[in-house]
Amino acid sequence: MPRCNEIDGLKPVPRSWNYMLSYVRNLGLAGLALVTGGLLVMIFAAKSSFSISHPAVLCGLACLIVLLPLGWYWLSLCAQAGAIARHLENGEPERIQTTHGLLPRLFAGPIANCFQTRNKRLEELQKQLSNLQIQIQLSDRRKDNIQAIIFSIRDAVIVIDGFGKLLLANPTAGELFGFDISNAGMKPITELVGNPEFQQLLDQSRESRAQHIKRHIEFATDENTATFDCVTSCVYDDEQNLCGVVAVLHDISREQQAARAKNEFVNHVSHELKTPLASITAYAEMLVDGEVEDEKARKDFLAVIQEQAQRLNRMIENLLNISRIESGLMKVNKEPLSLTVLIHQVVRTLKSYAAEKNIELVEQSPIVCSQVYADGDMITQVLINLLGNAIKYTPVGGSVKLRTEVDEAGGTANVTVTDTGHGIDEKEIAHVFDKFYRIGAGSNSAKGTGLGLNLVKQIIEKVHNGRVFVTSQPDSGSTFGFELPLMSEQAAVV
Amino acid sequence: MSMSGKKALVVDDEVHIVHVAAIKLRNNGYEVITAGNGEDAFELACNNDDLDIIITDYQMPVMTGIELVEKLREHESTSHLPVIMLTARDFAIDDEQRERLGISAFLSKPFSPRELLRSVEDIIHQSAVI
Chain Y
1 MPRCNEIDGL KPVPRSWNYM LSYVRNLGLA GLALVTGGLL VMIFAAKSSF
51 SISHPAVLCG LACLIVLLPL GWYWLSLCAQ AGAIARHLEN GEPERIQTTH
101 GLLPRLFAGP IANCFQTRNK RLEELQKQLS NLQIQIQLSD RRKDNIQAII
151 FSIRDAVIVI DGFGKLLLAN PTAGELFGFD ISNAGMKPIT ELVGNPEFQQ
201 LLDQSRESRA QHIKRHIEFA TDENTATFDC VTSCVYDDEQ NLCGVVAVLH
251 DISREQQAAR AKNEFVNHVS HELKTPLASI TAYAEMLVDG EVEDEKARKD
301 FLAVIQEQAQ RLNRMIENLL NISRIESGLM KVNKEPLSLT VLIHQVVRTL
351 KSYAAEKNIE LVEQSPIVCS QVYADGDMIT QVLINLLGNA IKYTPVGGSV
401 KLRTEVDEAG GTANVTVTDT GHGIDEKEIA HVFDKFYRIG AGSNSAKGTG
451 LGLNLVKQII EKVHNGRVFV TSQPDSGSTF GFELPLMSEQ AAVV
Chain R
1 MSMSGKKALV VDDEVHIVHV AAIKLRNNGY EVITAGNGED AFELACNNDD
51 LDIIITDYQM PVMTGIELVE KLREHESTSH LPVIMLTARD FAIDDEQRER
101 LGISAFLSKP FSPRELLRSV EDIIHQSAVI
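Chains as they are written, first to last, in the numbering used here: chain Y, 1 to 494; chain R, 1 to 130.
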């Protein structure tokens, strides 16, 4: 059984019991005073000349005879009352023993009952207190968890109450609106948020009590403007009263940029695909309409159709390959291989093409085996694209030189293709590896797909962790090249 | 409808498109001059007072089709010339821009040479009536 004084602020004994016990004590003291008075009268009578029949002496004797036992008894009661009071004060009602006297016999039962009831109530209160403490702890923990979740969200989150005062904001929101979240609590949201459109959205949400409102809002940032997808949701209590509004702001600038880029890319691709298709359909229609009479012209038209169909096919193949590489779906078969051997094979393949334009192909390197760990088909494609471009853009009678070097210090194998063509304008150099960029597109020289060099870049940089580069001077030729990491010893063992 | 003596300028960076358009028009009595970009086309337009119509691609290097038309409209001797624009891009230009630049017709690539000829004849005929 818990002790009464375990709970601060509660008297161990009911006040009415205290009054009663002090009253008994005072009565005892009064009896003692009467006995003392009787004794004093007797002593006075003995010392004076009063006879035994004197009324004062008789009165004293009567006091002694009547009140002495009574006083004694009162003294006993006082002692019992004192003991009871002491036990009660100490919160030990169980120590009141009924064998000790009349008072314990009279009061022990009611006192014990009272204490039992009281102790039950105390137990209940303690249980309630304990439950409340647990609930407070749980509530605090829940609040901490919710705060931690909201703080970890990358979107900006703001929670305001029904009066437009800030209840909670995460660091992203603080950063976006430029306020310190640690001391912004309960401040009016209008003081914290400068964007009028967002303020209007919060007001509208509170006033309309709509469950969700969604709007795209532009926010000025340090560098530029960012578009946010803002969703506000009203929070209600059990009686459907508005408790507050939660606003989540998701930055969709990148998504919009990606959508624009995708749209632009699709437009560009469709334009590029339509261009050869336009030639094919136009030339075919001319043949059908009999616009070409002589056989040579007819053959020329058919050749254009064939050439443009092949161009279309190359474009689609290149697009698919670039897409596969970009999405990581391209199957890559890496093996130890010699770049010089590959160059030799590609030169043999394109020798007749170069010969048509009387272009000399020069290989400068001795054959070195197993220089790199790479996909042979892909590197062959890279070499065909680079060498093919060099031949395409080099005037009749020029030359194209291929060179392989090993940079031991840098740990790379470098390949360069140098032509004696018209060179590339400085403004164009930065874009030559871009998709659909055509070098010298304004001239009437040979047309490409605008994807060949981009495919080279994707294969070298994305698939093989290498690097592409170009140097050029207008009217003095260009050098396109790439470097690949040298094969490591581990890869060589594999 | 005979259009002998009428002169057209065909502008496109795609040689084959220029070639096929020129053959179609020449076969139908037109005199045709050609250019591979907007800058060359503008020079030809300024130097050929007898030019009746310009057929230009929309997307070209050096100077786009739109830039070419804007420049033509600014120049007194070429401001009146009707223009047909070839484009492989949908919605490349809005109605307001089209009206402002006075572009007579748009033809989407891939285009039909027959359709090109019909458009050219219609526009030249309308210009003659006005």
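If you are wondering where the hints come from, they were derived from the structure by calculation, not from laboratory data. Be a bit skeptical, because a hint or two may be false.
[Claimed, not checked] Distance windows between CB atoms, simulated:
hint	chain 1	residue 1	chain 2	residue 2	range
1	R	D95	Y	P196	30 to 38 Å
2	R	H80	Y	E264	30 to 38 Å
3	R	D95	Y	A259	21 to 29 Å
4	Y	F265	R	F106	19 to 27 Å
5	R	F106	Y	E191	50 to 58 Å
6	Y	Q364	R	D50	36 to 44 Å
7	Y	Q345	R	E115	43 to 51 Å
8	Y	H344	R	D50	40 to 48 Å
9	Y	V269	R	H80	31 to 39 Å
10	R	F106	Y	I316	21 to 29 Å
[Said to hold, decoys possible] Some chain R residues close to chain Y (C-beta under 8 Å, calculated; not the full set):
hint	residue
11	E14
12	H16
13	I17
14	V20
15	K24
16	Q59
17	K71
18	A88
19	F106
20	P110
21	S112
22	P113
23	L117
24	R118
25	S119
Think of the CB as a built atom: it goes at the ideal place given N, C-alpha and C, for glycine as much as any other residue.
### Query
So which of the earlier hints does this model not fit?
Violated hints: 6, 8, 17, 19, 23, 24, 25; rest satisfied.
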